[in-house]
Amino acid sequence: MRMRVQGGPVPQQPPEGEKPLLTVRGLTKLFGSFKACDEIDLDIGHGEIHALLGENGAGKSTLVKMLFGILAPSAGTIGWEGLDRVIANPAAARRLGIGMVFQHFSLFEALTVAENIALSLDEKISISELSKKAAELSVAYGLPLDPNAHVADLSVGERQRIEIVRALLQNPKLIILDEPTSVLTPQEADKLFETLFKLKAEGRSVLYISHRLEEVQRICDRATVLRHGKVTGACDPRQETPASLARMMVGADVAGVEKVEPPTDGAVQLQVNDLSVSPRTPFAMALKNVSMTVKAGEILAIAGVAGNGQSELFDALSGEYVVQNPDAIRLRGKSVGRLGINERRLLGAGFVPEERHGHAAIPAMSLSENLFLSRNASDRSAYLAGGKIGLIRHGLVQQAARRISEMMDVRKSGEDPSAGSLSGGNLQKFIVGRELDRQPSVLVVNQPTWGVDAGAASRIRQALVDLAKLGSAVVVISQDLDEIFEVATSIAAISEGKLSDAYPASTMTRERIGILMGGVHGLTTAPEAAHAH
1136 MRMRVQGGPV PQQPPEGEKP LLTVRGLTKL FGSFKACDEI DLDIGHGEIH ALLGENGAGK
1196 STLVKMLFGI LAPSAGTIGW EGLDRVIANP AAARRLGIGM VFQHFSLFEA LTVAENIALS
1256 LDEKISISEL SKKAAELSVA YGLPLDPNAH VADLSVGERQ RIEIVRALLQ NPKLIILDEP
1316 TSVLTPQEAD KLFETLFKLK AEGRSVLYIS HRLEEVQRIC DRATVLRHGK VTGACDPRQE
1376 TPASLARMMV GADVAGVEKV EPPTDGAVQL QVNDLSVSPR TPFAMALKNV SMTVKAGEIL
1436 AIAGVAGNGQ SELFDALSGE YVVQNPDAIR LRGKSVGRLG INERRLLGAG FVPEERHGHA
1496 AIPAMSLSEN LFLSRNASDR SAYLAGGKIG LIRHGLVQQA ARRISEMMDV RKSGEDPSAG
1556 SLSGGNLQKF IVGRELDRQP SVLVVNQPTW GVDAGAASRI RQALVDLAKL GSAVVVISQD
1616 LDEIFEVATS IAAISEGKLS DAYPASTMTR ERIGILMGGV HGLTTAPEAA HAH
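Those letters in the sequence shown? Residues 1136 to 1668, per the working numbering, in order.
By construction, these hints were calculated from the structure, which means they are not laboratory data. Errors might be hidden in some of the hints.
[To be verified] In silico DMTMM-like links for lysine to aspartate or glutamate, alpha-carbon gap of 25 Å or less:
| hint | residue 1 | residue 2 |
| --- | --- | --- |
| 1 | 1200 | 1216 |
| 2 | 1259 | 1271 |
| 3 | 1423 | 1462 |
Computed from a predicted model, the values in this text were never measured in an experiment.
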C-alpha cells in the first residue's frame, strides 16, 4: 500500500494495532532564536528499519542527538515503550536500549579492538571476557573481527564493525546509524544490510540516516522526511523513486548531471610518474609507485575505501607535502614535485581538501576572509589597495564572496557570516565555488560531496562537469560510487597506497570497481564490462 503524506508534521504510523517502540511528539530544539528542530513528530515500531531523510541542516543530527541524550530538548516529549522519558545523557539512552553508531568513528588507533570497546561500556568487564563476547557477537551477526587486532591495522569497514559490535554489546532495542555506508565498498555495504535484516528479524529497530536514496529504497520499511527542522513528509520508500524521495527532501525536483563526453585529443594537464611517498606518521599510508595522466576535458575519478592513501595522494598533488623527485608530478608540462601549494596555484591549479573545518576553511572567520586567504599572491593583489602590498579592499572581497554564493546557491544566515555558521553542505558549495571562481586548468577535489544532500551534491557535481567542458582537467577522489558514475570519464581505484590503471567509465560496473577497491588490480576492459551502471 502506498502511504505518503506531504505538507504537514504527520508521523507515519507503525502497522495497525502495534504500539510504537519510540514515540516523539512536538520535539523542539532552540539555539537562541533559531529552531533546529520544530515540533517534530515521529514513531518507530518494533522490528523496522526507519529512514530519516533530509537536506544538510534539516535537523536530522539535532534530532538524533536528543534521542541519544547528547542534547536536551527545548520542548516536546520522547516516549519509549509507552512511557514518557527524560534522556539525560548517552548512558541513560543506552540503559533504555538505544544505541548509536556515528558517521565519524571515535576509536583510538593505538589500542586493540577489545580495548576500544571496553572504553565505551558502562559496566566493568575484563578484557579477556569482553574479547570472547565481542568475538561471539561478531560471528553471530556476520561482522568478523579480531578482538586483539590494533585499530591502526584495520580497514575502515572493519572499524565500522567495531562501532556496531560495541553498540550491540549493550543489547539495544533501537540502533541509530548515521551515514553507515559512506565509507564502505559495495560488497561491504551488502554485508552490512544482511546484518540489519538479521537485527530486524530479532525484533530490533534501526533508525537509518543516509543520503544514498537507492539503499533507502532497498532496505527501509518507512521513511520520515525533514526540511528546515520540520517533518514535511512520510512514505513507504519502496513505493518511491530516488527522484521522488529527493523531491520530498528539497521541496523541488533535483536536476540530473549532464555528463561530459570523454576527450579525444586534449593536452595532458596533470601527469604523475611513479610517485612513492613514505608514511609521515605511524598511522599514515605509504604511496607506492602511483602513476596517472589527466588530459584537458577529462574527469578522472579515483575510487577507494577511506584510509587507503587518498589523503596522502591529495597532499602530494596539492603540494601540501612536497616530494623529493620534481618530475614525479608534472603540472601543465612543468615539474612541480618540489613546489608548494601557492606555486602550484600560480600555475593554474585548484584544490579542495576533504576536511571542511580547519583545512579548507577557518570556521571562526567570515566567508570573505576565507576567500582572501585561499588566493595566491597574484590573485590577492587584485584585492589590495596598493597592489601586492597594501590594505585589503574588503568591499571587493565581499563582492567576490557574494558572486560565489549566488553561483553555487549557498544558503547563509547573513551577508558575510562565519564559515562555521553554515551547514556542511552549504560550506562545501562555497569551498568548491571558491576554487571554480578562479577557473583552474587543473582541479583536484577530495570527497567533493561528503555528507552533502542530494540538491547540493547535484550542483557541485554539475559544476565539476562544467569545468571539464571548458577544457580543465579534473581529479575527483571519492568513496561515493554513484558520484563517480555521474561525473567520471575515466575511473581508477586506490588500495593500500597503490593506484590501479584508469579505465573508461563506460566500461566499468560497480562490481568491477569494488574488486579494484579491494586491491585486485590489473583488470582488463573486458567486453562484459561494456554494460556499465
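Hinted pair residue 1200 and residue 1216, Cα distance within 25 Å: OK: residue 1200 and residue 1216 at ~19 Å, within 25 Å.
25 Å limit on alpha-carbon distance, applied to hinted pair residue 1259 and residue 1271: 19 Å, holds
25 Å limit on alpha-carbon distance, applied to hinted pair residue 1423 and residue 1462: 16 Å, holds
Of the numbered hints given earlier, the model fails none.
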